[in-house]
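Number of protein chains: 2
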Amino acid sequence: MTDTLDTTGSGSDDSEVEAIDRDLDESAAAIRPGKVTGRRAPQEGEVVVARTDVPWLTRYLLGTWADIRLASRDAAAKPEMQRIDGLSMAEHRARVLEQCRYLVETGQGLRAFPVELGGANDPGGNIAGFEELVVADPSLQIKSGVQWGLFGAAVLHLGTEYHHRTFLPDIMSLKVPGAFAMTETGHGSDVASIGTTATYDEATQEFVIHTPFRGAWKDYLGNAATDGTAATVFAKLITKGVDHGVHCFYVPIRDESGAFLPGVGGEDDGLKGGLNGIDNGRLHFDHVRVPRQNLLNRYGDVAEDGTYSSPIASSGRRFFTMLGTLVQGRVSLDGASTNAAKVALQIAVTYGNQRRQFTAGSDTDEEVLLDYRMHQMRLIPKLATTYAAAFAHETLLTKFDEVFSGRSDTDEDRQDLETLAAALKPLSTWHGLDTLQEAREACGGAGFLAENRLVGLRADLDVYATFEGDNHVLLQLVAKRLLSDYSRRFAKADFGVLARFVVEQAADKATSGSGLRSLVQRVADLGSTARSVSQLRETAAQRQLLTDRVATMVAEVAGALRPASKLSQKAAADLFNQHQTEIIEAARAHGELLQWEAFTEALEGPAAAGMDDGTRVVLTWLRDLFGLGLVEKHLAWYLMHGRLSPSRARSVRLYTERLAARLRPHAQDLVDAFGYGPEHIRASISSGAEKARQDEARAYYAEAREAGTLPAPEPKPSKKR
Amino acid sequence: MTDTLDTTGSGSDDSEVEAIDRDLDESAAAIRPGKVTGRRAPQEGEVVVARTDVPWLTRYLLGTWADIRLASRDAAAKPEMQRIDGLSMAEHRARVLEQCRYLVETGQGLRAFPVELGGANDPGGNIAGFEELVVADPSLQIKSGVQWGLFGAAVLHLGTEYHHRTFLPDIMSLKVPGAFAMTETGHGSDVASIGTTATYDEATQEFVIHTPFRGAWKDYLGNAATDGTAATVFAKLITKGVDHGVHCFYVPIRDESGAFLPGVGGEDDGLKGGLNGIDNGRLHFDHVRVPRQNLLNRYGDVAEDGTYSSPIASSGRRFFTMLGTLVQGRVSLDGASTNAAKVALQIAVTYGNQRRQFTAGSDTDEEVLLDYRMHQMRLIPKLATTYAAAFAHETLLTKFDEVFSGRSDTDEDRQDLETLAAALKPLSTWHGLDTLQEAREACGGAGFLAENRLVGLRADLDVYATFEGDNHVLLQLVAKRLLSDYSRRFAKADFGVLARFVVEQAADKATSGSGLRSLVQRVADLGSTARSVSQLRETAAQRQLLTDRVATMVAEVAGALRPASKLSQKAAADLFNQHQTEIIEAARAHGELLQWEAFTEALEGPAAAGMDDGTRVVLTWLRDLFGLGLVEKHLAWYLMHGRLSPSRARSVRLYTERLAARLRPHAQDLVDAFGYGPEHIRASISSGAEKARQDEARAYYAEAREAGTLPAPEPKPSKKR
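Residue numbers (the UniProt record's numbering), protein chains in the order written: chain A, 1 to 721; chain B, 1 to 721.
If we strip away everything but chain A, and leave its shape as in the complex, we get (with noise of 0.2 Å):
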């Protein structure tokens, strides 16, 4: 593992970013093949200018559903849609139950229901839509989202025809606003541990739906608080003295009055963190009775004699197939955490870009932003991370209407398609919040603004980190699946086979649940590639780093769970503890080559067909600046590894420099090309007044020094005193 390792000396700095720039000017000039050949220095002329086609690449960002995506941008662009300011909470409430209805006007909300009932069946564009909403409120966003995609869906997916034509209809229709009960005050990502009870009485075939201490109290939930008149609530299924586990129960919780139907109670949430538009609640249940028939029967029935009966054998996998029709959730926060980064880094590159501050090279002129290298460092690798995660949400919406709309419907997509909702949320949640954050202190005291933006967003979107399933809870899941993926093939290998093995096993599985391709060949070249400085930069070198690594944390991982299948299950506990960082690194660096892979896949695939020169030159830097700039997040693993040595680890943020260095004059371009205007954006500092502010400044110095009325400056003190 140390064979890549050399020990020459690291050569000055000077020499190696020259030697980069050359490899940077080379890879510009190599984009067009024929015209250069080899790796020798373009020629005059020869060089292909990178230059982006900014309408070409807003229409490749917005994707499969642009026209859904434009129509749920143009409804955003509407004031009405728009969050105010400082309103009430209660004011802000009304505010957005009152935008909800405009979808359901205009039919908006409702794409993913059945055509016959007036939905387009249309899973996939049906998130796109409402991804886009993020842009005129979170609160939107997540009030419909509770509406549609979690009470709506709830009785969709684990109901059946008779739930879909008595209750969708009014759900569709707003008539009923709903809750979804699933979270309790004492558990949230572990649902099935719940402690609501739906007890099953046979002499009234009614199920009796009841709270059993406080902690089982139904909490967190939208529509809970004031506007809800029903909710899907979750609660273990006993009948005939047996626990079939969680299932879920359409029980109506308010009169037409709005006051709660008896043996209902709950309470309201309060103020929040953010999301205010939403009437987060309480809700618990004394025996509540709901007919038999309330049970939203799919995946598991009672009997009118109370014979409980399911098309799937296993609790557990019933649970998780339960469990998994409501992947949208996770699946929409990934693309509306994403839509939040474009927003805050089309505000601060734009502010970055006319702000000017501190003189530097020069007596008079002041410099912008961007010009300097920290600056450029705070932004273009998130742009970088944020087009990243635009093309895998991509990726991730494909496979979600591939399952959703039945064209591609097995449980192993299932799985796949859960494993990669469940390793890019985190990813994509955390970097909207970390870009928001960035985007807020690169503006300063402007930032704090609230009519710049930022703050809001960035206090809406907190909670997408933890709700949804809590990000460290679901890169748990995504590294148990790692974990049994790699276990299931090696069961019967010793740990010396297993080490043997580990690359090309991990690297495989590096990409199982992601519908990308097979890298097994290209990780067999381990070892043989990124041999000079500038190979770094290479497709195939990035590739195999990230993947390398993946492979070797999961195999390092279960080499060390090994024994646990031979202990208590105290100690196996304790075993699994010991290493629960590690897990959970190892699932991030899953969903980081994720990422990175959907974004080679943007450069190399199909799709890419119409790219013109210039644009692939530079979607390619942002590319490498995102892949390399993993690899120096993780330099010590690599360096611990023995996968890079020193001399070449150094070179690893002169390329990062120099990459975001080249990527700075397209920054803009880079921005406009999300194709928000400022019906969307909405901040005064990215209007372009911070222009004509500095410009009038710069005006009125220069006047005055042609005036000559400009006040000379203080003379020198003599050397004398």
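Please keep in mind that the hints were generated in silico from the structure rather than gathered at the bench.
Any copy will do: because identical chains look the same in the list, a pair fits if it lies in one copy or spans two.
Taking lysine-lysine pairs in the BS3-like style, the calculated list, with each CA pair at most 25 Å apart, reads: (1) K236 x K716; (2) K480 x K566; (3) K175 x K78; (4) K236 x K691; (5) K480 x K570; (6) K716 x K566.
Following the hints, position chain B against chain A.
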């Protein structure tokens, strides 16, 4: 640089973990010298039991100004002094203004002012008191900071006896609320470039305050939107056609009815991301005339005839001297951010000790969150950093008090104070935000509710990272100081000479400005320590690793910038820009070293004499976690520079995980030692409510199991199916 690199294998984790555990046991045993000799394993009964004396540690953390801090906490405990979530901006502003009046009545805001005017002439105690107000409402801390720490302090420190007599009484009594009008829309951190002018008119013996263009509007000023009736306005002083640079003027802005005085205008900054109890706004001046005496003339004066004079000949030094008097803002943000981190950890650790989720080692009992390794690694290293930041803050505040009380007030003292503040304020404000966010996520959905405080505190503290000096700009100031100290000593040496002296010289420099001990001798041992894995944890090894990094980074940057003196202004600026991220990273490393030194001093210095052995064991582990955590964070650097071998580098992570596990049973004590009561914390999830809920749920199931009423689990499907 590679002489410490070894190429032996990394060994198995198990044996390494055992070695680490043995080392930690021995370290505890070694705490009581004489009882245990050498490094043999401790005998039964010899080991000092790690146990925190919470009351003693609370008092220790309260530090020099303990009584003032306690009095301020008493004030912060009063409900009428506390934030109410959900108030409108107008209501919140009115409430905070009222709270400021309470501080006047009790004299708590006035300690910095002269005794003869009713103050206490106690600059350190004054800041200590302010910092504690952050637990009541950060808006109160900052609003009172604006009134007395900025507006009043400008009059106090930049004015002379006339101004003190004329203006301070009404400022102190809050009869005249005022704005500190330094920042402009166009210029924040670069104060020297503000556009507002104050031109002396000999005919009327007045200064004419004027805003020449939109970018020169004063902006983000607390008290400017509604409350302020005067302002200390920073403007370029122009007399006899010469621009003498930025000076400060006392300018009335509103009449008693609240209307702007003639020539003065402004607007409200409106809603912000937080701190909405403060009325930030903009001001502009159209040839507003103030008497000559309204120039705060301590560092520069204009005679009746327009002749300018100053006790400081150099306009540059004069400018920095004037700004330097306002360092207290940075000092108090450093303390307040650290206090907010304490509150966040008290909440998250308490909740993590009560909240249960997922069964792991048992079929029935769920695990407490803090027993998960990932949860430990999310919170306990942040606890270590909070202690480091708290001890470092005590060092800073002591230095501040020495300078501002006049006890030790040379030019060098002031420069050291400014460097120390500029190094620590970025680290602590970012740490505060990171900790609040990690605590928020660690508390899941409950953390997102306003009632649990974390989101509100985070929203308020967001701007601490960019006001009173943008964090990145401050770190550049620190780096420039490090580089100028370096070049002063080595101005004439060539690079070969520099390289030989680097360790000694930069080690010394690393603590310049800190008032901490010289490290020259210890660092001269470079390469001779850290020979075995366990020695990584030794104080000397940690010091060496951290100091060496600062020293080497400064020397490397200085070497890279060496050609600048021979270059054109433009080329020199480009060279500096190419190394900007390294420069900032060196300053950050310096700040981290200062924190580590302060923590170590708190363990070893005279003040630690009363510390019992059990507490010393716990705090030593905590310091080790902080120190090794820094090494881990920068592990790639240590590897690339040959300071750690790959195998030793791997053990760093094992150490930090083992230390966190060791500290886990002490986490509650360590947050309780912050000394906050429920009246300060005010988070329902850390009130014991979660424990009550968990206990109730567990009792419910235990009782049902006992009574045989728990439904049976669904039988496993037969294998045949």
